[in-house]
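Novice: From the two separate chains plus the hints, produce the assembled complex.
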Amino acid sequence: MEELQKIIGSRIRSLRKKLGITQRAFAEQVGFSAHQIVSEIERGGRDVKAWELVKIADALHTEVRYLIAGDEPAPARVLWRDYPEKGATAIEAPFLKHCRQYHGLESLLGITPKRDLPVVELNPETASYGDAMLAARDVAKALDLGGRPAAALTAILEGNYSVKIWYEDLAQAGSAASAVGDFGYGILMHREQAPWRRNFSFAHELFHLVTRTTISKESVGDNKALVEKVERLANAFAANLLLPADVLEVEIDARVKHGKISYGDLVELARDFDVSTEALLWRLVNCRRLTADQVRIVLNDPSFRSTDRSTMPANWRQPPPFPERYVRLAFLAYQREKLSRARLAQLLGTSLIDLSATLLEYGFELEDTDAYQIETSVA
Amino acid sequence: MLIRSKQVLLDASVIITAHELEVWSALLQEANVAVTSIIAHDEALFFDRKTGSVPAPISLGALISQGVIPEISASVSDIERVRAVFDEELNMALHDGEVEAIAILYADESDSLLFCTSDKAAIRVLAMLGLSDSGVSFEEVLKTSGLSKPLPHEYRTEYFDRYITEGQIARIQGKGTPYD
Numbered sequence: 001m002e003e004l005q006k007i008i009g010s011r012i013r014s015l016r017k018k019l020g021i022t023q024r025a026f027a028e029q030v031g032f033s034a035h036q037i038v039s040e041i042e043r044g045g046r047d048v049k050a051w052e053l054v055k056i057a058d059a060l061h062t063e064v065r066y067l068i069a070g071d072e073p074a075p076a077r078v079l080w081r082d083y084p085e086k087g088a089t090a091i092e093a094p095f096l097k098h099c100r101q102y103h104g105l106e107s108l109l110g111i112t113p114k115r116d117l118p119v120v121e122l123n124p125e126t127a128s129y130g131d132a133m134l135a136a137r138d139v140a141k142a143l144d145l146g147g148r149p150a151a152a153l154t155a156i157l158e159g160n161y162s163v164k165i166w167y168e169d170l171a172q173a174g175s176a177a178s179a180v181g182d183f184g185y186g187i188l189m190h191r192e193q194a195p196w197r198r199n200f201s202f203a204h205e206l207f208h209l210v211t212r213t214t215i216s217k218e219s220v221g222d223n224k225a226l227v228e229k230v231e232r233l234a235n236a237f238a239a240n241l242l243l244p245a246d247v248l249e250v251e252i253d254a255r256v257k258h259g260k261i262s263y264g265d266l267v268e269l270a271r272d273f274d275v276s277t278e279a280l281l282w283r284l285v286n287c288r289r290l291t292a293d294q295v296r297i298v299l300n301d302p303s304f305r306s307t308d309r310s311t312m313p314a315n316w317r318q319p320p321p322f323p324e325r326y327v328r329l330a331f332l333a334y335q336r337e338k339l340s341r342a343r344l345a346q347l348l349g350t351s352l353i354d355l356s357a358t359l360l361e362y363g364f365e366l367e368d369t370d371a372y373q374i375e376t377s378v379a
Numbered sequence: 001m002l003i004r005s006k007q008v009l010l011d012a013s014v015i016i017t018a019h020e021l022e023v024w025s026a027l028l029q030e031a032n033v034a035v036t037s038i039i040a041h042d043e044a045l046f047f048d049r050k051t052g053s054v055p056a057p058i059s060l061g062a063l064i065s066q067g068v069i070p071e072i073s074a075s076v077s078d079i080e081r082v083r084a085v086f087d088e089e090l091n092m093a094l095h096d097g098e099v100e101a102i103a104i105l106y107a108d109e110s111d112s113l114l115f116c117t118s119d120k121a122a123i124r125v126l127a128m129l130g131l132s133d134s135g136v137s138f139e140e141v142l143k144t145s146g147l148s149k150p151l152p153h154e155y156r157t158e159y160f161d162r163y164i165t166e167g168q169i170a171r172i173q174g175k176g177t178p179y180d
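So the sequence lines, in the order shown, correspond to chains A and B.
Count the first sequence with my numbering and you get residues 1 to 379, in order.
Count the second sequence with my numbering and you get residues 1 to 180, in order.
Worth flagging that the hints you see were computed from the coordinates, not collected in a lab.
Values in this document were obtained by computation on a predicted structure and should not be read as measured data.
Take these hints with a grain of salt, some might be off.
[To be verified] 30 Å max Cα-Cα, derived DSBU-like pairs, lysine-lysine:
{"hint": "1", "chain 1": "A", "residue 1": "LYS97", "chain 2": "B", "residue 2": "LYS175"}
{"hint": "2", "chain 1": "A", "residue 1": "LYS114", "chain 2": "B", "residue 2": "LYS175"}
{"hint": "3", "chain 1": "A", "residue 1": "LYS49", "chain 2": "B", "residue 2": "LYS143"}
[Unchecked claim] If you want the footprint, here are the derived chain A segments under chain B, 3+ residues with CB under 8 Å:
{"hint": "4", "stretch": "65-79"}
{"hint": "5", "stretch": "104-113"}
{"hint": "6", "stretch": "337-347"}
Using N, Cα and C, we set each Cβ at its ideal position, and we do this for glycine too.
So that you can see chain B by itself, here it is in the shape it has in the complex (with noise of 0.2 Å):
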């Protein structure tokens, strides 16, 4: 997977990781990294612990304003196409913001994003609507940046693939989307 060559959505999970890891300055050097525009707009997702008992936002907005991170957003329909294949137990296992990147995949013609997620509920939506290969664990991301770091099991390839493989099952039981 050439990951180098490609813009890597970050879902709020890997977000908040990154942080508790100290890691996250050195991501946005090392990796071409983006946010979906609804992570970007959730304030409530984003406060780190780490700095004491007020915990402090992590700053996207202004990461995004100076043009650190491209904000990417989903259009109205775009939403409408993924949410349409969508069925009804689908629709509702997603938070909107990782419908929104699910989205944008779907609708990236060029092939030139992944979704960087550790939820794996998120992952097997991708399998299922056949974008395994658009979906890239948080270790992988860290180690072609050059980052690598003691994960906890949900970010790490191994957990990743596992819920691929799952959601290319059922994908192919017709599960969740109509199988085509």
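Only chain A is shown next, with the shape it has when bound in the complex (with noise of 0.2 Å):
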């Protein structure tokens, strides 16, 4: 018992000082009366309490069982598309332990990915704005994105490769992180974000998953001129994915008139293929159809900017708090008795009284019903 006591102690050290959490703070997230009784578990002097372990176990954002058998999953690689100045692992200790949650729910249900997402070799130090488009290229081919990426691309990351997507309010640290692990792939997404500014985020984060055997944190290191240029090909790389040159050709040609396009059909056009006008209109720079200058010129256009605005959704849709595709496979998780009713509300982050509530929210009813056992023959 002792020398569980001091195991269990070691872990809790470990895991607090790798969030960066003072036994001070800490003690206060978890309700301890003193910071002492943080030293005394960690040091294996003190009994923990089961609800002691629960608390604990929440604020280091693990899982109890890790905590007790040690069995902590293998670390994941995160990249940041700004990597934060301060608190990264904070944030993405959450993230991770929600994926791996997400995970759960698919292994529970017997979900693997129907592929693998497919492999872009480039090499950091010598690949060029080419090579990620036509990386883009083969990418947007083997995903079968369509004439309208934008309007498939999470859909069909989530339902094709269990691609966990995440949102949070990462206003302050950055606005998009991918990431690698034992729980597949995962995308951590700011909530806030525009949605055409947001699918450009999702096209830059799937060249980081993409590209995951040849760029990673290693092999671009500290160098600062590298890591820029990273993000430029995962940029280029989004840009023509999301704007394929082909379709975009053939939309351009049936707007203009006289070797003219008005505002409006730019605008349009943007709000067609999901994106930013930014987006769009540097895209047609890359496609030989404006010129740097004229694209500054429109973008610095207070008639264009205002054509911009009048056309955003005034009330765009924020991402619900937990993803519409995790609350499905937690609910049918439940249904098919492979959740308790405790641990669907813990996992939709809910209490039991308004566990209802909040599936109606996602337009899940909770009813005890068998139906979701009742098998038909198929052909």
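Specialist: Next up, the structure:
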């Protein structure tokens, strides 16, 4: 027993330090009356009650079973779009916990990715924008994204490749991150980004996922110029993925009259492809339909800006607190008797009392039914 | 089953339902009930909506400190022991409060405890661990306490027995835990 206390204590210390939390702050988070209690627990000098262990696990963004059994999952690789100057680990920890719980739900339901994400081998030192553009074309084809890639991208990533998409308020901490771990793939996205910017961010993060074998924190290191180059490659990839040249050319040709295109048509085209007008205009430079000078003039023209703003949906929808697919899987696991009701509430960050209302927000009615177990023949 | 001679660990749904049915106070008098430490300290679980628009907390903490309900805590090694026999699926399936209750039963050599739950997953796990006789339906608890009431189906003995049987079948098939 004492030996186990010491082992658990040392796991708690190690996770707390990794998150950069002081013993005093940790005591406050868990609800201990004095920080000396944390010190005692970490030394193995105090018996930890089951309820204390639950609160400790929550504060450390882990699960009780990992603290007890020590089978903490292998570390995941996280790549940030703009690495937060402070507290990256504190943001990553809950994201990775969610990814593992999400993966746990998939396992309970026997869901495995239909395919693995393609691998693009790019040497960050020598790769050109042309290479990133070619990669985008190949990946769009492999993923079968169609003529309006933004409309299909997240559904295909989640449904076919089991990419765990999670939203958080990242305002002060970079716009997005991607992760590769024992749970598969994850993308962390800033919740308050406009949908058209979010789509670009998804495509940008997809670049990091498909180049996972050749472009990593280790391969880029602290070389700032190289980090910036990789980010520019990811942007080129994203623009090409979301605005495929062949489809875009057809749409542009249909709108050009006497060698000119109206602001209204440009804005409408950006909305059609669900990208920002900036992304569209720079892509048209890339396709040699506009010059960079023209784009700067257009972007600085207040008339263009006001046309752009006037078509932005006034109340664009923010993603819900939990991904819809995650909630669907949790609900299905409950209906198939793979989860208890209390565990379902825990996974949805709610209480037993509020569980019905929470599920209703996602369109699920908490009714005890056997209908989910009934089978019918299929030819 | 000699319920009256045993202490009954109540799970969260049962406590909430006992409040909704207004049998909570009578139950405390008529039955020898207890709660696990995780349930006792999980304030979020217990808010009584019946009191109006602002939910009122169910004051388990006060009842525990007054000695009306005992709080039973599983030791870390009890939890370790029961988690070790769970496969990955079962480790994912239950709330920590349910795992604590099952860990307490698993370690209870005196056979003096019963777990009253309405959750089909938790009921199945009881049977999968060979603890079928350590579980009891809320209907049965109320009946033996002289407090019988019409109950939603998941609190009835028929429902409880159905999932005990399912768990027993899973145990024989070696699902969830090693069959011993």
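Novice: Please go over all the hints and tell whether each is borne out by the structure.
Specialist: Hint check:
Distance check on the hinted pair: LYS97 of chain A and LYS175 of chain B sit about 26 Å apart at the alpha-carbon level, within 30 Å; holds. Among the hinted pairs, LYS114 of chain A with LYS175 of chain B is consistent with the structure: their alpha-carbon atoms are about 26 Å apart, no more than 30 Å. Our distance criterion of 30 Å between C-alpha atoms is broken by LYS49 of chain A and LYS143 of chain B, whose separation comes to about 33 Å. With 3 residues having a beta carbon nearer than 8 Å to a beta carbon of chain B, the stretch 65-79 of chain A meets the requirement of three or more and the stated coverage holds.
Here the stretch 104-113 of chain A counts 4 residues with a CB under 8 Å from a CB of chain B, which clears the bar of 3, and the coverage holds. Coverage of the stretch 337-347 of chain A by chain B holds in this model, with 9 residues showing a Cβ closer than 8 Å to a Cβ of that chain against a need of three.
Going down the numbered hints, you'll see the structure goes against just number 3.
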